[in-house]
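S.K.: Sequences listed follow chains A and B, in order. When we follow UniProt numbering, the leftmost residue of the first sequence carries the number 1, and every step to the right adds one. When we follow UniProt numbering, the leftmost residue of the second sequence carries the number 1, and every step to the right adds one.
To be clear, the hints were calculated from the coordinates, so they are not data collected in a lab. It is possible that part of the hints are untrue.
[Claimed, not checked] No farther apart than 20 Å at their CA atoms in a straight line, the calculated lysine to any residue pairs in the SDA-like style are these:
# : chain 1 : residue 1 : chain 2 : residue 2
1 : B       : Lys151    : A       : Lys10
2 : A       : Lys139    : B       : Glu38
3 : A       : Lys139    : B       : Glu56
4 : A       : Lys76     : A       : Ile162
5 : A       : Lys115    : A       : Asp87
6 : A       : Lys76     : A       : Arg170
7 : A       : Lys10     : B       : Glu56
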Amino acid sequence: MIDDLPNDAKSKEVVRLWRAWRTVHEMVADREYELAEDEVSISLERFRDEYCHPDGSVNRAKLQFSARPSDSMLRKNTPPATASNPDPVPDCGPIWVEFLTDKQFGVSQIRNFAKYTITNNYKTGIMVTPVALSPAARKSLASVENLAKIECFLEDDLLVNITHHELVPRHVLLSREEKIALLKRYRLKETQLPRILQKDPVARYLGLKRGQVVKIIRVSETAGRYASYRLCV
Amino acid sequence: MATGQGGPLKGILKTPGEPSEKPETAREVAIRHATLLEHRKQLESQILDSLILLSEYPLVRDAQFNASNPATTDIADFKANVRLFQPSDYDDLIEERNVNELCGYTLCAKPRRQTGSGGEWKITSSGEIVKRKELEKWCSQQCARRALFVKVQLNETAAWERAGIPDIQIDLLDEDRSTETEADRTARKLGELKLEDQRQAARDSAALAMERGDNKIGPSVNKVKVTLKEKDVKTPPEFAQPTEAGNSEDHLLVDGYKAKIPDKKKESDV
Numbered sequence: 001m002i003d004d005l006p007n008d009a010k011s012k013e014v015v016r017l018w019r020a021w022r023t024v025h026e027m028v029a030d031r032e033y034e035l036a037e038d039e040v041s042i043s044l045e046r047f048r049d050e051y052c053h054p055d056g057s058v059n060r061a062k063l064q065f066s067a068r069p070s071d072s073m074l075r076k077n078t079p080p081a082t083a084s085n086p087d088p089v090p091d092c093g094p095i096w097v098e099f100l101t102d103k104q105f106g107v108s109q110i111r112n113f114a115k116y117t118i119t120n121n122y123k124t125g126i127m128v129t130p131v132a133l134s135p136a137a138r139k140s141l142a143s144v145e146n147l148a149k150i151e152c153f154l155e156d157d158l159l160v161n162i163t164h165h166e167l168v169p170r171h172v173l174l175s176r177e178e179k180i181a182l183l184k185r186y187r188l189k190e191t192q193l194p195r196i197l198q199k200d201p202v203a204r205y206l207g208l209k210r211g212q213v214v215k216i217i218r219v220s221e222t223a224g225r226y227a228s229y230r231l232c233v
Numbered sequence: 001m002a003t004g005q006g007g008p009l010k011g012i013l014k015t016p017g018e019p020s021e022k023p024e025t026a027r028e029v030a031i032r033h034a035t036l037l038e039h040r041k042q043l044e045s046q047i048l049d050s051l052i053l054l055s056e057y058p059l060v061r062d063a064q065f066n067a068s069n070p071a072t073t074d075i076a077d078f079k080a081n082v083r084l085f086q087p088s089d090y091d092d093l094i095e096e097r098n099v100n101e102l103c104g105y106t107l108c109a110k111p112r113r114q115t116g117s118g119g120e121w122k123i124t125s126s127g128e129i130v131k132r133k134e135l136e137k138w139c140s141q142q143c144a145r146r147a148l149f150v151k152v153q154l155n156e157t158a159a160w161e162r163a164g165i166p167d168i169q170i171d172l173l174d175e176d177r178s179t180e181t182e183a184d185r186t187a188r189k190l191g192e193l194k195l196e197d198q199r200q201a202a203r204d205s206a207a208l209a210m211e212r213g214d215n216k217i218g219p220s221v222n223k224v225k226v227t228l229k230e231k232d233v234k235t236p237p238e239f240a241q242p243t244e245a246g247n248s249e250d251h252l253l254v255d256g257y258k259a260k261i262p263d264k265k266k267e268s269d270v
């Protein structure tokens with residue numbers, strides 16, 4: 001009986017981390033990085049086998065992975081060729097995801113993570129933390145923005161995949177060409193589009209950058225489907 | 001249609017006339033605002049840098065120094081760095097120091113208090129019930145008082161509005177004043193009085209400058225070159241004094257001017 005309680009807490013922790021692990025994989029796959037199907041939909045048993053200590057607690061140090069962008073993602077993120085820049089390079093790169101183990105997060109932890117991400121030539125780093133960052137740490141993220149995009153998620157926020165909720169419509173990121181075509185079709189300036197904040201949960205999920213446009217496809221009773229567009233600010 | 005006859009139809013929309021501002025002025029305004037924003041950003045990153053720097057203090061950790069008697073270099077650095085902080089930045093600093101497992105007061109080298117395991121609330125020795133988080137921010141009640149003494153001196157106004165004011169000074173709670181003599185104290189009081197006058201004058205002139213719309217960052221584009229020019233004044237011609245010599249028309253003169261009455265009315269005057 002005495003042994004039962006910590007075990008129960010441990011198995012709860014395992015389930016929590018398994019769910020966060022799955023959501024973060026779905027997120028990376030939805031951003032069109034290359035991930036195998038069995039990596040994304042990992043079962044709880046397999047998770048237990050691979051990432052747990054023999055005593056049943058999760059080995060957090062193992063909870064990390066990287067992924068490369070797929071061809072379609074590279075195409076989407078390549079700016080259109082111009083006369084001055086005939087061979088543009090895509091502005092996305094490999095991604096690094098890590099579940100951090102510290103109990104508190106200050107500037108030094110963030111700096112370590114950013115340094116690791118940058119020295120290993122990752123373009124994006126996702127850190128999943130059990131507790132919130134300190135305010136100074138959050139501010140210091142902005143200083144490395146042009147070297148690598150560091151995103152922070154709380155474990156609690158990843159327990160469910162918000163995009164699977166029935167009230168969240170489908171968000172599709174538009175490529176540069178599609179954005180230009182859209183603005184031309186409706187004769188709009190960029191600023192005349194409706195907006196979506198960068199800190200919006202879905203925008204964070206998709207890792208939107210300022211200036212990108214998402215197409216939001218809603219179900220409509222009268223029209224079947226209704227698409228609207230939002231500019232990330 | 002009623003307006004169908006005569007001439008081409010005229011649209012009711014406004015004609016896209018010339019933009020009210022010239023492109024050069026628009027550019028200048030844009031650049032001015034951009035420099036302002038850039039200045040703010042620089043100040044913010046400067047504050048963040050000092051915050052990160054101060055989160056590791058004190059640098060001098062000898063046995064002879066403690067929180068109530070820190071090294072003078074540390075005091076000077078602390079005062080210089082904390083000058084631009086807002087109270088919220090100061091709270092961030094305390095939190096950051098706690099992450100580094102230090103007491104929240106910047107000049108204290110002790111680790112913060114650990115109250116062990118337990119719930120969210122804690123009963124202190126004096127019988128008060130306080131949040132554990134509040135209690136664990138400091139190494140002792142003394143340090144909490146010292147830190148809050150600094151916090152209440154910080155200013156809520158944004159950093160860029162007071163970056164130029166040189167005489168914001170932060171005092172520490174227990175700066176040693178026991179050894180000074182009566183004469184020293186009087187001198188200090190006098191100095192403070194004088195300083196207060198100067199500050200008031202500076203504040204007044206800053207407020208006036210704000211009202212005028214002056215700002216110290218970047219050249220103002222609203223300046224117009226003004227040259228004062230004396231207007232040539234023409235004195236009215238002196239009218240001739242009516243002579244005594246009895247002109248028959250003197251009584252008709254008004255200020256030396258005789259109204260002409262046309263002899264014969266012209267057609268156009270009718």
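S.K.: Compare the structure with each hint and give your call.
M.R.: Structure-based check of all given hints:
For the proposed pair lysine 151 (chain B) and lysine 10 (chain A), the alpha carbon gap of about 42 Å is over 20 Å, so the pair is violated. Of the supplied pair hints, the one linking lysine 139 (chain A) and glutamate 38 (chain B) holds, its CA atoms being roughly 16 Å apart against a limit of 20 Å. The suggested pairing of lysine 139 (chain A) with glutamate 56 (chain B) holds, with an alpha-carbon distance near 17 Å, which does not exceed 20 Å. Taking the CA atoms of lysine 76 (chain A) and isoleucine 162 (chain A), the gap is about 24 Å. The hint is violated against a cut of 20 Å.
Between lysine 115 (chain A) and aspartate 87 (chain A) the CA atoms are separated by roughly 29 Å; this puts the pair beyond 20 Å, and the hint is violated. With a C-alpha separation of about 18 Å, the suggested pair lysine 76 (chain A) and arginine 170 (chain A) falls inside the 20 Å cut-off, and the hint holds. Under the criterion of a C-alpha separation no larger than 20 Å, the hint pairing lysine 10 (chain A) with glutamate 56 (chain B) is inconsistent with the structure, at around 35 Å.
Hints 1, 4, 5, 7 from the earlier list are contradicted by this structure; the remaining hints agree with it.
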